[in-house]
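Colleague: So the sequences go chain by chain: U and L. One point on numbering: in full-length UniProt numbering, the residue at position 223 of the first sequence is 223, and numbering is uninterrupted. One point on numbering: in full-length UniProt numbering, the residue at position 80 of the second sequence is 80, and numbering is uninterrupted.
Hints may be right or wrong, so weigh each one.
[Stated by the list, open to error] Anything over 10 Å on all C-beta distances counts as not near chain L; from chain U, calculated:
id, residue
1, K68
2, G103
3, Y176
4, I294
5, I299
[Unchecked claim] Derived CB-CB ranges, DEER-like:
id, chain 1, residue 1, chain 2, residue 2, range
6, L, P67, U, E207, 41 to 49 Å
7, L, P132, U, E207, 31 to 39 Å
8, U, V43, L, N70, 52 to 60 Å
9, L, L201, U, Q156, 52 to 60 Å
10, U, K117, L, T20, 27 to 35 Å
11, L, K259, U, L104, 22 to 30 Å
12, U, M161, L, L142, 44 to 52 Å
Hint data in this document are derived by calculation from the structure and do not stem from the laboratory. Predicted model only: the values in this text are computed from it and were never measured. C-beta: ideal position from N, C-alpha, C; glycine also.
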Amino acid sequence: MTIPTRRESRREQHKKGSSGAKVTLRNTLIAYAFMLPFLILLVVYHTWPVFFGTYLAFTEYNVITPPKWVGVDNFRELAQDEQFWSGLRNSLKYILVVPVIQGLSIAVAMLVNRPMKGIGFFRTAYYVPVVTSFAVVGLIWTWMYQQEGPVNFVLQALGLMDEPKSLLNNPVTALYAVMFVTLWKGIGYYMVLYLAGLQTIAPELEEAAVIDGATRLQVFWNITLPGLRPTILVCSLLSTISAIKVFEEIYVMTSGGPAGSTYTALFYTFSRAFVDFKFGQAAAAGLVIAIISIFFGLINFRITRGGKADA
Amino acid sequence: MLEQPATTSPQRRAATAQETAHVASGLRSRRKRKNLLLNGLAYLVLCIIALIMLYPFYWTLITSFEPTGNIYQAKLWPSGWSIKNYVEVFQGTTVPFWRMALNSVVICTLGVVFTVGFAALAAYPLAKMQFPGRDLIFYAILTLMVLPNEAGLIVNYSTTVNLGLLRQDNPILNVLAQYAAVVLPGLASIVGLFLIRQAYLGVPMELIEAARIDGAKELTIWRRVMLPLALPTIVAFSILEFVAYWNSFLWARIVLRDKELLPLSAGLLELSGTFSTNSRAVMAGAVLTIIPILIVFAFGQKYFMKGIEGAVKG
């Protein structure tokens, strides 16, 4: 064994990389052995659906017999299907929830960011709907929305409604009633994210602005909001995409009804696949929804200026 | 004060000082009052929001204890107390409640153990080893996280069918296969891999080097060095996964034709169909489904919040 010269050892170091262990066949095999179970599942359940799903969109497929290539027929059918368009319209309407949920979550996050006694209780309380399943939450709100239920009671007490109505059985109110549940369940989740975002803003900045005579509104508008921009991007992106893909609350509460008023795009996909067993048609609809989500994702990047923190 | 001309008389100076002190204390008390008012207002708003967030749960809880009466009415206190609805659920005359609870426990255990285990294993080479294809794999995984996957349900269903996991020819094997069908699609968690990798990156390389020099095998290093040092993240992620598996119902409902095998969340929807004449029993079922989540949440709340924040800060 020879003692390596300084230059050799440096080259050796470079070859070893930052992490020390040598790149050898044995180490490579060990590395892949560690990742093997994860990678197999990843390919089968994450990568494969992306490619096979895209392929299925151009086929006729019922799971039992092999897919049959039909070209763009599925898309042509979609374009002529009034049900698909009304689902898409409802999905786009659902995006109305995004600015409301983001605005309220920022407000709530700022509220619970105040150093006050018992603030931990409130943070936890607001998070309880987040950790509860849509199956449970959906059922609870279905009951709450009944004609003689608590929601009616409150709306009438506040003078917002004259006579008792079953809000979920009314085509005019059903979609908004479901949107409220999405809002109610989501605020706590985004609140935690904004809380994390608020903690990245140096308090000195806000203090300095106050000393310089800035009003609360000015501080919020010129310091807090720009500081939150990276978080706003992440949150609005998440909530826009989940609004377009809204499904579970609708599945539990209204099943698309009444009179198709809560029938959204993903609900269309779901019923094409698991009710009608037209998997190719469903995959085509899924592809359209995916493209629309990408489009709205890009809009989000535009509005938040790529989420860069400084104004 | 310092800029005051030296010619001012001492009396005059004292008076000014007094005045200043007076104004200052006035300002201070005004600020104090303003703060008090602001805090009071903040508490009021906080309480109203808490009411909106928690009342639906409270209302379900008290209604589930009522034997009879106007079921959907808004109320602050139940009109009567009875455990009749819970007895009905526990007896499982229409819906196999205990079987569903068992299913939930099995699915949750399998799901959490393997999801966390696989992510913790796969994150180790990606964080601390040098091998060809490392960056490629890492970026491919991240791309998958961003890529929209609407076909997920559809293709995963066809994969599950094609793997033969839904056959019903062998009573015991098929139960296991159907549990697997529910759990498998969720086991490769990209978010989990990412979180745990971040935690591993913070482990000093010297520790691993030292262990390697001592002749420890990589698996031993993983188990004895990496896992303990990444424990907070692993606990946080486990809680997140527990909540996710416990609450999942859609996939289970799609895959499992056999009502006996449904987990609680999915079973609850089944319950709402079959028990439509007795919504109070379904409410009791809902309460029973929430309780384990609240217990886990109460114990792991700190880790849980950190896990969520970490997922974003990444």
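Colleague: Report the numbers of all earlier hints that the structure fails to satisfy, in ascending order.
Modeller: Hint check: 4, 6, 7, 11 fail, others pass.
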